[in-house]
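Protein sequence lines correspond, in order, to chains A and B.
Letter by letter, the first sequence follows residues 1 to 298 in the numbering used here.
Letter by letter, the second sequence follows residues 299 to 580 in the numbering used here.
Quick caveat, the hints were computed from the structure, so don't treat them as lab data.
Hints should not be assumed to be uniformly reliable.
Claimed, not checked - Straight-line alpha carbon distances no greater than 25 angstroms define the calculated DSS-like cross-link-like pairs of lysine-lysine that follow: (1) Lys142/A <-> Lys306/B; (2) Lys348/B <-> Lys333/B; (3) Lys306/B <-> Lys194/A.
Fair warning: this is a prediction, and the values are worked out from it, not measured in the lab.
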Amino acid sequence: MNFSFGNYLSSDCSAVRNWEPLGWVFAGMNFIFLTCTMGLATFLLVESIPVWRSEGLAFWLGENWWVGETFGALPMICGSFIVTGLAVLLVLPVALSGALFTSEYLTPPLRRRMKGIMEMLAGIPGIIYGLLGVSFLTAGVKDVFNLLDGNTLFTAGCLLAIMILPTVLTLSEDALRSVSSEFREAAEGLGLTKLQTAWRVVLPQSLPGIVGAVLLGIGRAMGETIAVMLVIGSLDRVPGFNIFVSGQTIPSKLGREAAEALGSAEHWSALMGLGFTLFLMVAFITICGNYFKYWSGR
Amino acid sequence: MSAIAFEKVVRVIIGSITFIIIGLLVAIFSIMFLKGFPAFHGDFLFAESKDFGRAGGVFYQLVGTLILMTTAVLLSLPVALGSVLFQTEYMAPGKFKTLLAQLTYVLNATPTILFGLVGYLLFGVYLDTGVSWVTGSMILAVMILPTLQVSLREAVEALPQKYREAGMALGLTRSSQIRRVILPQCFYGVVTGVLLGLARAAGETAAIMFTATTFSGIQFPQSFSDPVPTLQTHILILAQEAAHPESIAQAWGSGLVLLGLVFILTLMAWVFRTRVVMESDL
Numbered sequence: 001m002n003f004s005f006g007n008y009l010s011s012d013c014s015a016v017r018n019w020e021p022l023g024w025v026f027a028g029m030n031f032i033f034l035t036c037t038m039g040l041a042t043f044l045l046v047e048s049i050p051v052w053r054s055e056g057l058a059f060w061l062g063e064n065w066w067v068g069e070t071f072g073a074l075p076m077i078c079g080s081f082i083v084t085g086l087a088v089l090l091v092l093p094v095a096l097s098g099a100l101f102t103s104e105y106l107t108p109p110l111r112r113r114m115k116g117i118m119e120m121l122a123g124i125p126g127i128i129y130g131l132l133g134v135s136f137l138t139a140g141v142k143d144v145f146n147l148l149d150g151n152t153l154f155t156a157g158c159l160l161a162i163m164i165l166p167t168v169l170t171l172s173e174d175a176l177r178s179v180s181s182e183f184r185e186a187a188e189g190l191g192l193t194k195l196q197t198a199w200r201v202v203l204p205q206s207l208p209g210i211v212g213a214v215l216l217g218i219g220r221a222m223g224e225t226i227a228v229m230l231v232i233g234s235l236d237r238v239p240g241f242n243i244f245v246s247g248q249t250i251p252s253k254l255g256r257e258a259a260e261a262l263g264s265a266e267h268w269s270a271l272m273g274l275g276f277t278l279f280l281m282v283a284f285i286t287i288c289g290n291y292f293k294y295w296s297g298r
Numbered sequence: 299m300s301a302i303a304f305e306k307v308v309r310v311i312i313g314s315i316t317f318i319i320i321g322l323l324v325a326i327f328s329i330m331f332l333k334g335f336p337a338f339h340g341d342f343l344f345a346e347s348k349d350f351g352r353a354g355g356v357f358y359q360l361v362g363t364l365i366l367m368t369t370a371v372l373l374s375l376p377v378a379l380g381s382v383l384f385q386t387e388y389m390a391p392g393k394f395k396t397l398l399a400q401l402t403y404v405l406n407a408t409p410t411i412l413f414g415l416v417g418y419l420l421f422g423v424y425l426d427t428g429v430s431w432v433t434g435s436m437i438l439a440v441m442i443l444p445t446l447q448v449s450l451r452e453a454v455e456a457l458p459q460k461y462r463e464a465g466m467a468l469g470l471t472r473s474s475q476i477r478r479v480i481l482p483q484c485f486y487g488v489v490t491g492v493l494l495g496l497a498r499a500a501g502e503t504a505a506i507m508f509t510a511t512t513f514s515g516i517q518f519p520q521s522f523s524d525p526v527p528t529l530q531t532h533i534l535i536l537a538q539e540a541a542h543p544e545s546i547a548q549a550w551g552s553g554l555v556l557l558g559l560v561f562i563l564t565l566m567a568w569v570f571r572t573r574v575v576m577e578s579d580l
């Protein structure tokens, strides 16, 4: 077992020679980690080959998901984009205000406490948000907008906005904080007020980091299953521009149908195709988000 | 409006938004408490659930959640520790190392339902463990791997360079350096990672709902191929039975138990992390 990444190993020669059993154990663990990650993507692709064979790219454009006849993922893809977009629109003003206030106006101890609170919020299980959504949000949306059914794309968007708020807030705050204090001092030395400094100096400087934070939030929102599944109404249809109708996202579809598809190869393969689509979307958005975050950190 | 007045108005607005956000956490906790507390009759935590979850307690559900999250962390910790130490101690900086770090983030962001789908196929079908707590634990173990890795990596990287140098100057081999210097110094980081991993595993529903759990009729798992009931899936099923007020009441009760569990774990992780920060300031 000789890995060919000799160049990548630590240049400390004696250490390389003294790799010892422990080093091999660690290398093995690393290999397991690598296998898990690569295996996930490979598995999704390989297992969905039958559906790509039978549907081709029409899988992404088809409007009908009729088990046994045809599989089209357009309603789910549209639903995912609409719900996520809605969540971002709703969360952006709130999260940015919170981040700006936390980073520019709060003292360091208070800021740490705020971060702790955000961590608590981020840690609340999705099923709890789902339970709260089912009990309060659906009824609220139904009453406020005079609908027959409160399980709509809008409800899911609102719930997701609350769920990704801590992620977006805390990461944007990191980005704002990463702007060196020299810039702030220079701006204040020129006679700018605190708000002008924040708006004209800190915000433009930290824009890539904020974009990264939002993208990472989007990644989270796209993959959320349970809470969305409980409030979205689970109806496969291309929603058009009306957000006050029931819909379906990719994860909610997977959550609803995975258990019943366990026996049927064709159905299962279609779900895997859906999963692969979701994985591509989330991985792309996350890598972009991390790139922006890294860029702002430099 | 003068600039100073405008400034004040903006500050008040974004300040109140921040307080509303804090209020959100308070609101969620108080709603859960108000709604869930009535379900806590005498032995809610220590009684079996009866009548399809409409009566009784959540003892076996709680046990199921605890079994799944503990096994997951036990499986995940060695892999996380090994891979992080390999990456930080044995590998030289380079593209491959950056790639590995990126993979951690991708794995962390992967929607949890996908772990359920792939995990069921890999463990449940190909390794033939079926719908069982073993399948669930393995799925959760892969799922929390990045959580553990991130905490461990933070702890290892926060270690002052002089500790390593001192170890090297004493002629420690790399493995005794890890055993004698790095692991003891990163102990709190490991604990934080474990607690966060437990919390994440406890709160997860999508990955285990069709791979590891059953709704009722099972108590302690008798073998490796038995499913377990869990709090998460218990809530999921009860929450959808809107026609029965008793079901919803039980769902709130179970929700409060689950939230309490996750809250305690996160709080403990927070305390340990603050400790790390304080020590690295020295």
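Going through the hints against the structure:
Between the alpha carbons of Lys142/A and Lys306/B the distance comes to roughly 37 angstroms, so the proposed pair goes past 25 angstroms and is violated. Simply put, Lys348/B and Lys333/B have alpha-carbon atoms about 20 angstroms apart, close enough for the 25 angstroms limit, and the pair holds. For the hint linking Lys306/B to Lys194/A, the alpha-carbon distance of about 10 angstroms falls within 25 angstroms, and the restraint holds.
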